Each structure stands twice: as structure tokens, then as C-alpha cells.
Amino acid sequence: FYRNSPLWYDKTMKLIRKDMKTKIGRPPGTLITEEAGGPWVQECRLYEYDPSSCEDYEIELFSDLSRLKQQGSVSWLNVTGLTDGRILEWIGREFDIHPLVLEDIQNTGQRPKIDDYGDYLFITCRMLSWNEPRRSIESEQVSFLLGTNFLISFQERPGDVFDIIRNRIAEGKGRIRSHGADYLMYALMDAVVDHYYLIVEELQSIYEELEERILRERPQNGVQLMHTLRTEVVTLRRAVWPLRDIMNQIRKGENSLITQTTEVFFRDVSDHIAQVVEADELLREMLSGVLDYYQSAVSNDMNAVMKVLTIIATIFIPLTFIAGVYGMNFHWMPELLWKWGYPAVLGLMAAVAVYLIIFFRKKKWL
Amino acid sequence: FYRNSPLWYDKTMKLIRKDMKTKIGRPPGTLITEEAGGPWVQECRLYEYDPSSCEDYEIELFSDLSRLKQQGSVSWLNVTGLTDGRILEWIGREFDIHPLVLEDIQNTGQRPKIDDYGDYLFITCRMLSWNEPRRSIESEQVSFLLGTNFLISFQERPGDVFDIIRNRIAEGKGRIRSHGADYLMYALMDAVVDHYYLIVEELQSIYEELEERILRERPQNGVQLMHTLRTEVVTLRRAVWPLRDIMNQIRKGENSLITQTTEVFFRDVSDHIAQVVEADELLREMLSGVLDYYQSAVSNDMNAVMKVLTIIATIFIPLTFIAGVYGMNFHWMPELLWKWGYPAVLGLMAAVAVYLIIFFRKKKWL
Amino acid sequence: FYRNSPLWYDKTMKLIRKDMKTKIGRPPGTLITEEAGGPWVQECRLYEYDPSSCEDYEIELFSDLSRLKQQGSVSWLNVTGLTDGRILEWIGREFDIHPLVLEDIQNTGQRPKIDDYGDYLFITCRMLSWNEPRRSIESEQVSFLLGTNFLISFQERPGDVFDIIRNRIAEGKGRIRSHGADYLMYALMDAVVDHYYLIVEELQSIYEELEERILRERPQNGVQLMHTLRTEVVTLRRAVWPLRDIMNQIRKGENSLITQTTEVFFRDVSDHIAQVVEADELLREMLSGVLDYYQSAVSNDMNAVMKVLTIIATIFIPLTFIAGVYGMNFHWMPELLWKWGYPAVLGLMAAVAVYLIIFFRKKKWL
Amino acid sequence: FYRNSPLWYDKTMKLIRKDMKTKIGRPPGTLITEEAGGPWVQECRLYEYDPSSCEDYEIELFSDLSRLKQQGSVSWLNVTGLTDGRILEWIGREFDIHPLVLEDIQNTGQRPKIDDYGDYLFITCRMLSWNEPRRSIESEQVSFLLGTNFLISFQERPGDVFDIIRNRIAEGKGRIRSHGADYLMYALMDAVVDHYYLIVEELQSIYEELEERILRERPQNGVQLMHTLRTEVVTLRRAVWPLRDIMNQIRKGENSLITQTTEVFFRDVSDHIAQVVEADELLREMLSGVLDYYQSAVSNDMNAVMKVLTIIATIFIPLTFIAGVYGMNFHWMPELLWKWGYPAVLGLMAAVAVYLIIFFRKKKWL
Amino acid sequence: FYRNSPLWYDKTMKLIRKDMKTKIGRPPGTLITEEAGGPWVQECRLYEYDPSSCEDYEIELFSDLSRLKQQGSVSWLNVTGLTDGRILEWIGREFDIHPLVLEDIQNTGQRPKIDDYGDYLFITCRMLSWNEPRRSIESEQVSFLLGTNFLISFQERPGDVFDIIRNRIAEGKGRIRSHGADYLMYALMDAVVDHYYLIVEELQSIYEELEERILRERPQNGVQLMHTLRTEVVTLRRAVWPLRDIMNQIRKGENSLITQTTEVFFRDVSDHIAQVVEADELLREMLSGVLDYYQSAVSNDMNAVMKVLTIIATIFIPLTFIAGVYGMNFHWMPELLWKWGYPAVLGLMAAVAVYLIIFFRKKKWL
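Here the protein sequences line up with chains R, S, X, E and H, keeping their order.
Numbered according to our numbering, the first sequence spans residues 1 to 366.
Numbered according to our numbering, the second sequence spans residues 1001 to 1366.
Numbered according to our numbering, the third sequence spans residues 2001 to 2366.
Numbered according to our numbering, the fourth sequence spans residues 3001 to 3366.
Numbered according to our numbering, the fifth sequence spans residues 4001 to 4366.
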């Protein structure tokens, strides 16, 4: 678990650091267009559906994007990869998006937040997934632009938690095709939050494993293991906590883009977030409880060892002293000449030892 | 106490985990219908009463449920066991309940909450009971659907804290038969909260027992015992705290389903909850106080032992040195030939020992 | 101080426990009427006064209570002992008091609270007194029912802090006879809060005594003493904190039973409560400061002892080794035959000892 | 620093205790008039000024006080010494002051607060000064009664921080003579708050001195020194924190006695208070940081000593054992007869010692 | 890192101390004019721009400042060095600035704050930069006076973070030239806040370095290093936290000087501040986590050493005792005469040693 995981600040801090240096000095709202050959290929996929039909295209020309503005059906544009700023620029021009919003979409490392621009709603949050080989959380920024009948979602890398939504759209299962773009956004955010449950579960199973090991073996690197786990708990917290404010703002119901029907569903997401927050808090509290326990147990173990060893030493020191006395070379030491001197001294030694053992037993030190 | 109790995360976390994995991927509002042979048989019992009469039936056919909508009397439908989704579906259809509510009823592991849907009020909370053999809290989800003249309650397992209410209805004791469904809900929630007192009491008696043992014996596994108790305290807290928000919302008086007369009674429940919360907080504070005390006492004990042992060693080490000196084999050691050499050295040793003991006494080390 | 005091949860928790078990199962608002021979005799005393006159009666028949409703003068009914529910029932019937209020009056162990029922105001709080022989706080519930021109006060046991008020009424000192029942309630609550000052004072003098002992002697049971004191501090806090909310509600001035003139006086009580809260917080903070100090001092003492002892041992061990070398029985050990061998070795030993002492001194270990 | 300072609860608690016992039992609003010969002589000084002129008198007869009510000029009555209640009574009668206000003025030990009585404003706060010989804070209550064109200030002892204001009035420097009584009150409170800066500065220099000593020498009584300093920090906090509420209330601008022009100046005082609060918090945080540091350093030092000593002992113990073996008196011990036995054993001993030293070095224990 | 850095209170406290003593006694709003030859030369630079043109002058005569009031273009006056009060006085007279504002500009050491005076807006905040040689934060006060079409900025020393803004103005890049003075203020504050990111980054890299060293080597001065870092974290916090209130007040949108267009940009600054605050909190939490880890690791290391050493001692003590026994000089000790006595005893010793080692291994002590 710990061997494969990087130093623990890594996950929690890199997010913040990424856009720091590059940002300074550029005028606000500037987009970066990296040269081709960047790590992630850009991919745009458009889903158009109404209660009766559903289509999806791979968008390759900007002109294809004009479909997004078609009335009558709901359009979902899913943009993967953010290194090329041109598509963002085009969307910004076409839908009159504020440049700072576009910048926030591209600068992954944003704190989850909601911004209401009247015509459209901008939400950014963190999509977490579990990296099993490294046993740590992977975090990725997902942004949503919600308009009257379209939703544009942005993600950093291919691979996401939205496949179940895509299936539901394709197969027309549930309510999704008969509702508007706001319901789609709910569905996507619900999928994101549902995956937080999975993270909680993984963290809990790591916690349980850790607790058991600590209760049983008291591993040397116990504190380090707890640290690594704590980092993950913090990562989760950083993703979930700001979502509560977002949900509060949605539930206040001041925005006309989210219909009252969908608001009820967001209430459900709110509850899930509250549950994840509670579970996260609980994990944190239990971790600190186990840390206390571990330190107390380690120190108890240590004390027990030291006590026994010190007692052994304490028993032998007087005996050695007695032996030392009769090892002295005085000419006139009458005991040395007695026939029973030796056994008597051995007896004395045994008596002293037994007395001390009884004494320690009585004092409950042994 | 501790031997029978499971690892301590068990109770507090399993609740959350249960509905995690199963939920992901399903469209919101989907109900599960397990095959027959699930662990709990479904049982529906209907109580109908007005000030003058009272009847109760075992409901076996869906059509029997149409009685619920009868005017003029109060109906209480008590559903036990939630594994079969069909009855939930029927209720949902008949009373026009939001699918997310039905899902929340079935997915036990909800955070206590209140949702006001205008026509009906949805409340879910946790019913705690004390499992004496395992000496731990058992937690179960109870949900209420309150309409104008009916109340539907859902619980996971047979066996609950409502028998006293059933008696009161049957015997017509107190006000219950002359009030509406809202008063019935008050009575049921009051019963739930009253049982929290019992839990507090059990935890307190465990705490007292623990405190006494720790003050008297300082058991090796003291920290572990405190941990186990702390888990129970946390479990109670997780059930009680969210109830305060529920009560606040009820007391705000914005809902027409709860009459002003009944609101006064809910104020009483609020007070009880405040008392349980306070007792829980107190337990927590006292536990952390006792933990401090325990650790300080253990370390004091240890220090006392080490000090005495070290002092014994320190007294004998110089004596052994003196013996060692006169155990040397130099040819020219005049003291060895003196007649009173041996007694003199013994005297010297005694003098050193006495001096050291007096010195340690003076320094208050002994 | 500590010898006479019971286990420390006693005072703080018994309050809560008392009414737990007995309450469960009874319909809300049920009063208990214990058989005669209960521990406290019931006593009802009625004071009637107006600016010019003042009378007080011992009430023995229910019919006497009808005086309470007389217009023109202020009536104060002081009920002592709550085990017999009949008088409560009579008052409830006569003044149309809500049954839950009556129940709260009888179930001592309430959290201090205020409930405004329009016609009358219900306040319950805790009257603390100092039990000198046990050196601990005694806590008792006092409840007030304030009507337009009457005040009914309930207390658990004879003996209270109201004698000074009784004198002021009897002698017509101060403003009390020229004001209404609300001023009387202010005067009584002021007397209750003034006694909190006494408690604070006692706790402070115990604290000072404790601090001095700890600074001077570091008693073995220091942590235990602090614990006991902390319990008292918590008891005080539990009584005072909820009073702040009560005062806030009174000062909001929404109730017509409390005139504006009297409100100014309640502002004064508020200030006193704020002062007691602050003193309580201060005591708590200082206690935790002294605990830190104690633990640090104990561990410093221990370290000092161990260091000196270890240094003594460390000095003698090399000397003993040298003696051991010349105690070996090799035939060919030229030093043994030298005339100055013995003194030389003694000198070597002295040199080693002196060197080590200087070394330890230099390192500031000694 | 610590030798001259009293036990540390002294300063923070005596304030509260002073008026406790004396208050209980007296009707609210009673003033005390001590016999002459009390510790502080009463002194009343009246300053009357308008933009063009300025006079100050020593008031000796009550009739002189009637000047206070003169229109057209600002009057500042500065009362020093509160033991004689007659002047308070006279002021109360003349200006129709609420008796509780008079009581609060006399009972020094109030929590800083503001009370708005419409006609006049009552503010009480704490004037701190630095007692250099005892190196501790001296605290004194200052109260202000602000009317339309007069200000009455009360202080406990002669000597205050107002001399600069007196000079400014006398010399007509700054704005003070051209503004009303509210500006005067601002000027006085500003002087009080400015002196808090001095206290902060003194505490900081003590802190720096302490930190340096702790970093350098780790004095035995380090924890005690930190305690004493912490008390002073708490004393400051108790004086400053409630002032924030006072300032908030003034800034809300609901009182007609404080003109809008002066309100801007109070905003400045608010900022100063915020700065002092922040500095106080910082001191507190740094103190707890240094405490951590100190404890960690002391324990590191201790560990280092113990490690070296234990290692010395551990090296000599095997050597002593070898010497012990060849000190045995068996007849048949061939090594004893070897010519090179003795040097060989000495060599063995040296080898063991060197090996152990290398081993400990490698393990980084030495 | 630590060698070059001053005592850690330096940076955080000096700010506060600077203006304490000098302020006391002066009437509010007094400016200081130091004699020439003060440490920083005063420099005033005026930038005037409109969408089409841009000029900048070095202001040397007060009369030149009259340009500031010219309509039609935006003027930015950048004042460097605050020791000479004359220019402040001139600005105050010309623009009718409140004297307390001027005082706050000159008394560097203000808490960041915003004051709205209707005609102009006063904001003061802290500009942080990283001093690489000392590896610590440098803090400097920057104040802004925003009027309808001018902005005056004040800084203590030459050298700032505004060069990129100057370039953008000069080259007409981005939106800056086409917006008003409020946008300029946004740009400057954004530059200030963007530099906080750099500070965060530096602190993080120090943290990482520190964490790695602590995980690997456990340096003796680990706690001290953490302290020094914590001071920097506190310094950052003190600069950033009050900014949140400032941003909140700007975003409330009550001021007419900041247009709605610019408000959106301030929202962006708000987000950055939230991110810096979060990073700062994270650093703090991680530091305290690492401190726990460090202390636990150091104590574990220590325990491991002590255990091994104690075990070595414990094994040899019984062996030395056996040797001591056969070193006794009794005449009648039959074992001494046995031919195999010596080897037998050596064997016994080996057996005891092996037994003890096996015993310790079994107990997992070794």
C-alpha cells in the first residue's frame, strides 16, 4: 500500500501547484494552446436526444458544433482533453462565455465552485477514481456549462464515470430522455458523487485492514501507514466539502436554468454529499482514534519490555555483589574457611533472589 | 464487553457501506425486489382508530390498503421488512410518492432527514436498541410518511419500540386517539427518542464500570476498552445530531400537516434530543478525560517502578565496585593483610549504602 | 477534597439518568404521585404583597390556592417538594397549564429552558449550592411559572437561596414591593445566578490550593485531583450555558408578561451570566494549563532523577571493569607484581572517574 | 520576571472575585459608601471647553456639578476613586441614571460592555497598564457616561492614560476642541486602546526573551515561565475581546449621541482593536508553538544523554564479563597458564569494544 | 534555511510593533515627515492611459499632480516610499481624503482592510515576496485609493509585483486600456494575489524537502525546522485571511466605483484567495501531521535503541554473576577442582545466553 504510493503531499498539493507559475503574468482569461503531441488527445463527442430519439457523433470540425444550438432536443457535448485551447475559444465565442470561465476550465486545479452567469451556469468539481495498483485516489477536474437546452462537459483525460449515463441515454432507460439538460447535469453529478462512495469504501477497507494489523502486530511503520491514509482522506474531503456550498446554491432555486422538478433530484445529491462528508469525517476521527491507540499500545509494549528487563537486572545485581564480596582476597575472611560457607552463600543468593521476586510480584511489577 | 464486540468500525460504518456498491449505476428511484427467502419476511399491519373505536388488521392483499385513504379516522400502516419492493411501489403509485423517497426508504443507511413534499412529509431516522449479549448498539432505519389522515411507518426488522404506542391506541389511554396522524407521528418519534435515553444509560453504566476499573486496576487493555466505548458514543451521536435539524424544521411551523397543537409536543421531543446530545457530548468529554487520566496514571506507575529499580541498581553498583577492588590480585595490597580489613570494608560498604539511601530520601527520590 | 467526593461522573450524570427509565412508556404529560413517606415533605407557601402590605400563608388546602388569582396584588406561591403530583395537577387545571410543562416541572433533570405559552411563561433552571463537607456542587431544579400577577416557583428540597428575597418582601426594602410578578421572577433568578458566583469562588479557591500544591509538591494523585475539579467545572457549565439562551429570549422582548422596566434588570442578570460563563471558561483553560504544567514537571523531575542515577552507574561501570581486569588469575600479569601496581590502578580509577565527571559537567549532563 | 509575579491566577481572577461576596443579598442597584480613610481619595475634576476656550476646576462641592448641564460647551467630569458612593448617587439623581448602571460603575470587575439608555450611553472597559517591577499587567475599570454635551468618566485609582488628551484639550491641538462630547469619548477610548499596544509590545519582548532563552539554554522552569506569560496574554484577551462587540454596536450607528463624523473615528479604534486581538492570538499561538518546541527539545536532550550513557554501559558490560571469566578460580583453566594469555585477553577486550563502537556507529546510535 | 532566518517571531510581529510606540500620544490623523536621508527615497510615477494612448511621467513637483484629476483618461499614480508625509498631505488636501486614511497609509503594519468613503475607496493589503537568500517571506504594505477615474497606489519600497501590469498598459495587451480605474485596481490586486501562489509554492517545496529529510534522516533540529516553516505559513495566513472579507465586501456590490463588469473579475480574485487559503490550511495541517510523525518516529527510534541495549545488558548480567560465583575464594568449592569444571561453566554460560536470546526472540523483543 505504502510502497507504491508517492510521498503523501503529492496528490493533495500538485493540483494547486500546477497552474501557479504558468498563470502569473498572463492577462486574465488567456487560454493556452499547446503544440500537438501533448499527452492527451482532444476528443469531442456530441449526444443529441429527445424522448423519442438519440444520436451521437464524433465532432471533428468546428462547424459541426453548430448543432448544439438546435432547438427541440437536448445536446450534450463531452470534451475530453484540455490542452488545446482552440475548441474552448470557439465555444466561448459561440455561446458568449466569460473568458475567466474558459480559463478556469483549462486551469485544472480549481476549487469546486458554481458561478451563475444568467444565460448559463458554470460548475466545476472533482471526479475521483481509485487507482488500485498505487492504492491511491486519482483526481481529475470536470467542468459543466449548462445552457437552456445544452450541456457541455469538460474532462482532462479519457475514461470517466459517465458510461452508465451514456447507456441510459442510448437505451432510453429511466427518466433521462424525457427531461431537459438540467436533469442530464444532475445525472452526471450524481454519477460523480456516487463514485465518491466507492472511494469511501476503498478507504474504509484500507482502514479496516490497517486497524486489524495495528491491533494485532503493531507494525513499525504504523504511523506512516496512517499518514498515507490520512492524505487520501484529506484529498476526498477537499473534493467533497466545497460541493456542499454548490448544492446549497442550486437548492436555493434562484436560477431559472434548473427546473423545480430537477431541484428535487439535486436534493438527493445533497443528501449523498452529506453522507460522504460524514463518512469522511468519521474516517478522520477513527484514524485519529487509532493513532492514539497505536501510540498508547506501542508505549505500553515498550514499557512492559523495559520493566521485565530492568527487573531481571535488578535481581542479579545484588547477587553479583555478594559473589564479589567473597571474591575479595583478604587474608582474614573467616567465612571462606568454613566448610559450609560456599553452600551457605549460594543459599543466601537464592534467598535474596526469591525474596526480590516475591517482592516484585506483590507490588504487581512482575 | 470487548470480547463479544466486533471490530469497532463495524457498527458505525457498515451502515454507510451497505447501499454504496449496489446503488451505483442504477437510475435514481429504482427499487429492488429480492427473491423470496430473504432474511426478513414482509409484514404490513394497519391500525385504524378514531376517538371512539380502534381496529387493527394484518394486510395481505394490496387491495386492503385502499382503507388507508378512508376519511374520518386516522390510519397507521406499519410495514416491517423492506426487501420486497412491490409494496413500496404500490404505496408510491397510490399516494403519488416521489421515487427518490421510495428509494431512500429501501436503502437503509440514510442520514436522518426530513423532506417536505407539500402533500406528505417524509422523515427518516434511526431506531437504536441495546444488544445486551454483545454489549453494543443495534441500529435500524425507521421512515415515516405523514399524510393528512394517515401515517405509514417502515422498519427493517420485526421488533421495535412502538409497543407502548400500540397499547395506548388499543386501550385509548392518553390523548392519542383524539388527535390526528401528526400526533401519532409525534408519539412514535418520542418513543424512538425515549429509547436513546436507554442507550445513554447503558453507555453510562459501561463508562462507570470502566472508570472504576481504570482507577483501581489500570487494565492493560484500557485504551482498547475506551475505544470500543467511544465507537458506541459515536454511533449514538450519528443518530441524534441530525435529528436536531429535523426538529428545527418541524418547529419552524411551515408545514400544514403538523397542527399547532402537536407542534408543542414536538418541542418536547426537541428538548429530549438536546438532553441526549448533551449527555452524549458529556460522555465523550469524560471519556477523553479518563483517557488522559489513564495514560498519566500508567506512565506514573511505570515511572515509579523504574525509579525504585534504578535506585536499587545505583546503590549496589558502587558496592560491587569496592568488592571488585579488593578482589584484585596485586601482590602488594596492604589492606588485604590487615586483620580488620575485611570487617572494615564491609563497614565501608554499609556506610556507602546508608549514605546513598539517606541521600535519595532527602532528594525525595525514594 | 477528593476523599469525600464520589466518583466524578456522579454529579454530572445522575441528573440525566434519574428520569430516563421511569419516563419510557408513559404517555406524555403523566404525573407521578408517590405514596406518602417519600423523602421530601411537600410544602406550599404563598406570599401576597402590594406596595403597602405583605402577607404570607402556609397553604394546606387546595381551596386556599384560589387566592392566587386575586387581582390587585402580586402572589408568589413557593412549592417545595415535587413527589406528590396532586398539587401540580390542581395548578395545571386551575391555570390551564400544558401537561408537558407539569411533567417537566416534576421530572427534575431538565436542561434549563424557557417556553412561552402566551398566557404564562415557563422557565426552568438549576439552583446550585456548595456542599462544604463533600466539597462538591449540589444541584437542584427550580421552575417558574409566571402569569400576569402571580409567580409559582417549584423546588425539589427545602432550603434555597431565596431567603434574602423573602426578607426584602417582608421588610419592603428596595423596589420589590412596588413592581409586578415579573420583577419578582427577576429577583429570584438574580438570587440563583448570584449563587453561581459563590460556586465560582469555591472552585477558584480549590483551584488555587491545587495549583499551589502542584507547583510545590507535585502530588502523586495530581491528575485525579484535577479531574475531580474539572467535573465541578463541567457541572457549573451545564447549569449556566443554557441560561444564556433563556436570557436572550427574554431580552428580545417579545413577551408581554415581562415589562420593559423589568427587561433592563434582566439585562443585568445577562451580564452576570456572561461573567460566570467567562470565569468558568477561564477555570477550564487554567486547569488544562496546569495539567500541562504538571505533566511536564513530573516528567522533568523523573528525567532529572534518571539522569543522575544513570550517570552514577556510568561512572562506576568502567571502574568496576578495571578492578575486574586485575582480578583475573593469569599467571603472567606483570602489573600484579609491581610494588606501585595497586596505588597506580587506584590512581587510574580516580583519574577515569574525574575525567568522566568533568566530561559530564562540560556536556551539562550533571 | 517570574519571581516577582504572584501566582498566576491572581490577576485574571481577582477581578471577578472582588464583587462576588459583597453583592449577594443586597437589592440590585445598591451603592456602598465606605468610611473615610479608604485606600483612594476621591477626586473630581471638571474640564469645560469650546472651540475658543478651555477651563478646568477641582470640584469639591456637589453644587459645583451643576455646571455640567450648561449648554454651549462640552463638559468632561473625571471622577477618580469609587469607594464613596455619594457622588455617584448625586450624579444618578441629577442625570436620571439607572441604579444598575451606578452599581456597575462601582463594582469594578465588570466585563467590558455598552448599554444604550436613550438619553445617555454607558460604556465600561478595562484600562491596562504595565507594572514594570512586577512585570505584569495592572488592570483597572474605566466607565463612561456619555450625554448630549457632557461626558463623565470614572476610574478606580489616580494615574491614567488620559494625560495626552488633557494636554490636547488644554493646548487646543488637533480637532478635539471643535468636536462634541462623543469625539472626546472616542479620544479617551483611543488612548485606552493605544495603551493595549504597549502591553502587546511588553508581552512580545518578554516572549522574545523567553524564546531565546528556551532555544539556547532550555531552562528547567521553562514551562512555568510560559505559564506566567500565558496568564498575561489571557488577561489582555479578556480586556480586548468584549471591546469588539462594543465597537460593533457603536458602528451600527443606531445611537443619536454619536454623530456620523465621530463614527468614522470609532472605525479606526475598531481596526486597532482587531490588530491587538490578532497580536494577542498570535502570541498565544506562538506560545503554544514554543511549548511544543520546548518539550520536544527537552525530551530530545534527555534521549541523547540516555543513549550515550546506555551505550557506555553496554560496551563495558561484556568486557567486565570477560574479566569475570578469567577471575574464576578453577584449578584447571589452561588459558591462565599461557604466557600470552593476559595480553590476549586484553586484546580480545579491545576487539570487542572496537567492534561494538563500530556497530553502534553503523547503526547511527552513537 | 534555518541558519539564515532570524528568530521566527521577527517577521510576524515586527509589523505590529513598528507603529505602536510612535503612535501613542499623537492626535489621530497626524502624519510624520522624516528628515531627508531616510532609508527610502520617495518616488512618484504617474501613468495616464485611454484605449488609444498611454503616457507615463516621473512626478517631481506637486503641481504636476493636478493631471490626476483630468477627465477622459485613467490615471494611476504609483507612490513608492512613505517616509515623507508631504505628498500624502497634498493628496489628502486635493482629493479630500480622511486624515485617518492618510495615517493608515503611512503606518505600515495595518491589517488588510477596505473602507468605503463614498467618493473614494480605500484598500490596504500586504504584498508578499520571497527572499531567497534568507528563505523567508518579505512583507510590505500596499494601499490603494480608488476614485472615479484615478487610482493611487502606495508602497513602502521600490521593487514590486506590478511590472507585468505596467507592461500590459504600455503595450495595450489584454483589456486593461479599455477599462476604467476599477479594472486597474483589480489587475493590481490580482498581481498581488498571484504572487501569493509563488509563496505557497516556495513553502510547499520547503515542506517537501523537510518532509523527505524527516522521513529519511530524522534530523536533530527537525522540530525547529518545522517551527520556522510554520512561522512562514502563519505570515501568509495573516496576509490572506483578511482579504476574504475585503473581497466579500467588494462582491456585495454596494459601491458605485466598481462597475458590474469588473465585479466579475473580482470574483476570480476571490476564488484565488480561497485557493491560497486552502493551500495554507493544508500546509498547516500537513505540518502538524508531520510533526506527529516526526515525534512518533524519533520516539520509536529511541525505543528501538534502548531495547537492544537493554537486552544486551540483560543477557550479560546473569553471565557475569556466574563468573562472579566461581571467582569466590571459598576453600571448599568442589566444582573448582573438577577437571571439566571450567568448560562446564563456560557451557552453562553459553546455555543461559542462548536461552535468553531464544526467550527474547519468542517474546518478539529482539
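If you are wondering where the hints come from, they were derived from the structure by calculation, not from laboratory data.
Source: prediction; values computed, not measured.
Among the hints, erroneous ones may be present.
The calculated DSS-like cross-link candidates involving lysine-lysine, where the alpha carbons are at most 25 Å apart (straight line), are [to be verified]:
no.: 1; chain 1: R; residue 1: Lys113; chain 2: H; residue 2: Lys4362
no.: 2; chain 1: E; residue 1: Lys3113; chain 2: X; residue 2: Lys2363
no.: 3; chain 1: R; residue 1: Lys307; chain 2: S; residue 2: Lys1363
no.: 4; chain 1: E; residue 1: Lys3307; chain 2: X; residue 2: Lys2364
no.: 5; chain 1: E; residue 1: Lys3364; chain 2: S; residue 2: Lys1307
no.: 6; chain 1: H; residue 1: Lys4362; chain 2: R; residue 2: Lys307
no.: 7; chain 1: H; residue 1: Lys4362; chain 2: E; residue 2: Lys3252
no.: 8; chain 1: E; residue 1: Lys3307; chain 2: X; residue 2: Lys2252
no.: 9; chain 1: E; residue 1: Lys3307; chain 2: E; residue 2: Lys3362
Right, here's what the structure says about each hint:
1. Lys113/R - Lys4362/H: 57 Å, violated
2. Lys3113/E - Lys2363/X: 56 Å, violated
3. Lys307/R - Lys1363/S: Between Lys307/R and Lys1363/S the Cα gap is close to 24 Å, so the pair holds against 25 Å.
4. Lys3307/E - Lys2364/X: Since the Cα atoms of Lys3307/E and Lys2364/X sit roughly 15 Å apart, the hinted pair holds (cutoff 25 Å).
5. Lys3364/E - Lys1307/S: Roughly 28 Å separates the two Cα atoms, so the pair is violated.
6. Lys4362/H - Lys307/R: With Cα atoms ~17 Å apart, Lys4362/H and Lys307/R stay inside 25 Å; holds.
7. Lys4362/H - Lys3252/E: Between Lys4362/H and Lys3252/E the Cα gap is close to 74 Å, so the pair fails against 25 Å, i.e. violated.
8. Lys3307/E - Lys2252/X: 66 Å, violated
9. Lys3307/E - Lys3362/E: Holds - the C-alpha atoms of Lys3362/E and Lys3307/E are around 15 Å apart, at most 25 Å.
Checked against the numbered hints above, the structure breaks hints 1, 2, 5, 7 and 8 and satisfies the rest.
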